[in-house]
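Asks: The lines below spell out each chain.
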Amino acid sequence: MIALTVNGKAYSLDVESETPLLWVIRDELGMTGTKFGCGIAQCGACTVHVDGEAVRSCSIQVGDVANKSITTIEGLSPDAKHPVQQAWLAEDVPQCGYCQSGQIMAAVAFLKEHPKPTDADIDANLTNICRCGTYVRIRSAIHRAAAQMKT
Amino acid sequence: MNQVIKTSITRRHFVVASASAAGGLAISVAFPGLADAASIGAQAWGPESTPNEVNAFLAIDPDGSILIRSPHQEMGQGAITALPMIVAEELECDWSKVKVEYASPARNLREKNVYGEMTTVGSRGVRTSWQMLLQAGASARERLITAGAQRWNVSPSDCEASNSKIIHKATGRSFDYGALAADAANIKLDKEPAIRTPDQFKLIGKRLARLDTPLKINGSAKFAIDTVVPNMVYAAVSA
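Heads up: the protein sequence lines correspond to chains A and B, in order. Once you know that position 49 of the first sequence is 49 in this note's numbering, the rest is easy, because the numbers rise by one and skip nothing. Once you know that position 188 of the second sequence is 188 in this note's numbering, the rest is easy, because the numbers rise by one and skip nothing.
Just chain A, same shape as in the assembly (with noise of 0.2 angstroms):
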C-alpha cells in the first residue's frame, strides 16, 4: 500500500510501486484534469506539484513520492481564484486546452523561484508544449499573474 496526500488529502493506495503517479492520480484517484500528452517528461502536459515542485508525472514512479504531498490543477484553489488562474481568465490563454493544466502548474511553480520573472527567465525555465501556440498569452498571463502577486 503506498501512502499519498493529494490536494490535502490522505490517500493509501493499492498499486504497484512502479506505477507512473500520473496513471494513479487519473485512474486511481479520478483527477482527470493532469493529461498524458508524450509519456516521456517532453511536453509537460502531466505536470504536478510534488511538494511544491513541479515535476512531469508520466515519468515518476508513485514509489517514489510515497509519504509525499502532491498537488494537482483541482487542488490549486477550490474556486480558480489563484492569481495565475485568474490571470489565464483575463487572458483567455486556452485555446483547445489540452496542455493548459500542465502550463498552469508549471507557471505556478515558476513564480515561486521567480516572482518578477523577465521574458528570459520565463524563456529558460517553460518548457510545456503547446500545440495550439498560446505561447504569446501565457507569457502575458504570467506577468499579470507576477504584477498581480506582487501587490
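Warning: the hint list may mix true and false statements.
Stated by the list, open to error - For each label pair, taking beta carbons as the anchor points, the in silico distance ranges come out as:
(1) B/F223 with A/P78: 42 to 50 angstroms
(2) B/P62 with A/E53: 45 to 53 angstroms
(3) B/R207 with A/K112: 39 to 47 angstroms
(4) B/A235 with A/S69: 41 to 49 angstroms
(5) A/K9 with B/R173: 53 to 61 angstroms
(6) B/Q200 with A/D92: 40 to 48 angstroms
(7) B/V121 with A/E113: 37 to 45 angstroms
(8) A/D51 with B/E111: 54 to 62 angstroms
(9) A/P78 with B/R173: 37 to 45 angstroms
What the hints assert, rightly or not - Some chain A residues well away from chain B (every beta-carbon gap over 10 angstroms; in silico):
(10) E16
(11) T19
(12) G33
(13) G63
(14) S69
(15) T72
(16) E74
(17) A124
(18) I129
(19) V136
(20) M149
The hints are simulated quantities; they were obtained by calculation from the structure and are not laboratory data. Think of the CB as a built atom: it goes at the ideal place given N, C-alpha and C, for glycine as much as any other residue.
Following the hints, position chain B against chain A.
Replies: Using the frame of chain A, we list chain B on its own:
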C-alpha cells in the same frame, strides 16, 4: 467522478464538459467579471430533445434559463461561444441565462439535417451555419412575441423582444421568456422572419468571454482521453 457519455456515435474530437455535479450552471458564476457570462452544461451534449424546446436549437425553462445547441464542436477555435452567440443575436435574450451544449448528430440524421452540415473543419463553422443559426433565433423570437401578443390579445407588431422579455410597447407590460416558452413552442408562424443584416447586429461583434475557458483552467474540461463508459477496458499496442 465518472461520467457516462450517452451517445451512439464515437467522437474523437475534444469534448467540453463540466465536472460539476450540481448541473453545470455554477461554473461561470464563481468568476468575478464573468458574472454576466453564459455557461456550458454538465455534459457536452444532453438528451436529443428536451421539454421546453422552442425549436431544435433552443429550449427555454420556466425560470428563464436558455439552452442553445451548437452544431459544431469546440476545439479551441471558439465555436461553442460564437455559434450560440449567433442564435442569441436574434433571440434577444439575456446572455447570462444561456447554457450551451452540442447538438445531437443522431437527431440530425433522424430529422433530415435539422442542424445542417455538422462537421467541424476548415474554419467553416460560422461560415457554414451562420444563416441557419440566425434563422433559428429569429424564428424563436417571433414565436415568443406572438405568444405574448396572444396573451394580451394585441397584434405582434405592438410588441417587441428585449433581454429575455416580450414587451407590449404601448403599456410597458411584459412577460419573461420563461413564461411564454411553452406557448411559443406550439406556435406556427405564417411567415418566417427575415434575418438581420450585419449593420443591425448588437451582440455579434462584441468580445464576450469564451464559455470554455473556465473549464480549461481548473482541469474540469473533459477530453476524449477522459471518457469513461461502463465496463470500459484499455488497450495498448505492444512493441
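Asks: Hint numbers the structure violates, sorted upward?
Replies: Of the numbered hints given earlier, those the structure breaks are 1, 3, 4, 6, 12, 15, 16, listed in rising order.
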